[in-house]
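Counting from 0, one number per residue, gives the positions in the sequence shown under numbering that gives the first Met the number 0.
Note that these hints are calculated values from the structure, not bench results. From the three backbone atoms N, C-alpha and C, an ideal C-beta is built for every residue, glycine too. Each hint should be verified, as a subset may be incorrect.
Unchecked claim - Simulated crosslink set (EDC-like; lysine to aspartate or glutamate; CA at most 16 Å straight-line):
1. K425 / E412
2. K118 / E141
3. K390 / E423
4. K283 / D335
5. K390 / E379
6. K34 / E92
7. K166 / E191
Said to hold, decoys possible - Cβ-Cβ distance ranges computed for the label pairs, FRET-style:
8. H130 / S367: 31 to 37 Å
9. K292 / N230: 23 to 29 Å
10. K292 / K425: 28 to 34 Å
11. Q127 / G271: 38 to 44 Å
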Amino acid sequence: MSLSKLKLDPSLNGDIISNMPPNITENILSRLPIKKAVRTCILSKKWRYNWVTLPELIFNFTLGNALINRNDRLMKFIDDVLSLHRGPISKFELSRHLCIPNTQYIDKWILCLSRNGIKELILCPQPQLKHYELPSCLYSCELLTHLELSFCTLKRPPLFASFNFLKSLLLYKVEFVGFTFENLISRCPILERLKIEGFTGCTDLIIYAPKLKSLVVNGFCKVTQNISFNNTPLLTCVSLNLHCYGFKPEHLNPNEGENISRLIKVFGCLHGVEKLAVGGNFLKFLAVDFVPKKLPNAYYRMKSLDLEICFNDVHMVSMALCLLRSAPNLQELKIDAVTHTNIRPQFLEYRDGPEFSLNQLQIVKINSFGGWKRQLVFVEFLLSITPVLEKMTIYGYKDIVAEGYLYGGTMLELLMRFPRASPEAKIEFFETAGLVDVRT
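Work out the full structure: start from the sequences and follow the hints.
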């Protein structure tokens, strides 16, 4: 039906906007930014209160060079929206562009949300000199399925409080007062996805989560930190990018008399992991106590391994080899090759004999390749134990000046002279300017 005919149709008894079906009205409002959705109240009398039943409230403001009075107006706007809202609120999102000078606003908002069936809560305001404390009524949001918090402090929850429906938890620079991270996770019985950004090591990282499938942790930790995974049978994707500090010589003296190695404490229960990424100097953290040749239980399901290795550090290289020996079905390997010139290199024998080979490995990527001898020996070793390798891609940098470094095609010619277990293996070599050459 044409627009002209709609205007002439006497059965409408009014304008098109006022007579829209409720499902169309709701669809339109759900696609508008919250401020524009509120402004639709001026369209007609029937639209005046349509926005007050919106189930999702997303305050994603861009302030630019925001002044304090501008921020205050936005705080009041959010306050007014929540006070006028009617019905359930399934999602509430607050962007990082908003500064919260005091907690009275956010305390009131969370209390309101806890009474309206909130399921997805995202609080990411601008960072302050001091983290804001979340009110205890947060633990009354019993229907939460997704929770994302930034720059805040969590206080001890009530004794029997729990998030029985929470499946996804994201924490960015969150502090704990009066309780531990372990205590929080134990209150999330069906948690499937956990991401921690800006981890500071203020609490031990002990995870007991029988339904957890994905884990990402980025940040810092002390060498004495207690990190372990307990009862995580469904955990398939793990990324630990941690920079550890406080190392002493006694931490890294191999001692096979220890009852259990740090590596086994951390990774011993990850039998079902399929994708594993270890960054920072966390491999060195894992080397505390002693490094076993391989794990007692192999990672038969692991298909992808991503490692950051300092090739001057024998402990990190030994740990990388231990993980490789423990992943017989590995298909893809990525290495970030770090070499610190202030660390004296130590000799490490790679050769394990014919009993060790990666019979499923097809793809290898090596970043930050500096052409150091220790890196070249590692590449030669990988080529010799990968009978079905399809492609090895190496990214080198001319600004990494190594003794005897060979540039461009000369480096590729050297790599091509290494014996290869796979006759089909293709080697690509890139430098800063781009692809140098491809050889098979």
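To see whether the hints hold, each was checked on the structure:
no. : hint                    : result
1   : K425 / E412             : 13 Å, holds
2   : K118 / E141             : 8 Å, holds
3   : K390 / E423             : 8 Å, holds
4   : K283 / D335             : 15 Å, holds
5   : K390 / E379             : 14 Å, holds
6   : K34 / E92               : 14 Å, holds
7   : K166 / E191             : 5 Å, holds
8   : H130 / S367: 31 to 37 Å : 35 Å, holds
9   : K292 / N230: 23 to 29 Å : 27 Å, holds
10  : K292 / K425: 28 to 34 Å : 31 Å, holds
11  : Q127 / G271: 38 to 44 Å : 40 Å, holds
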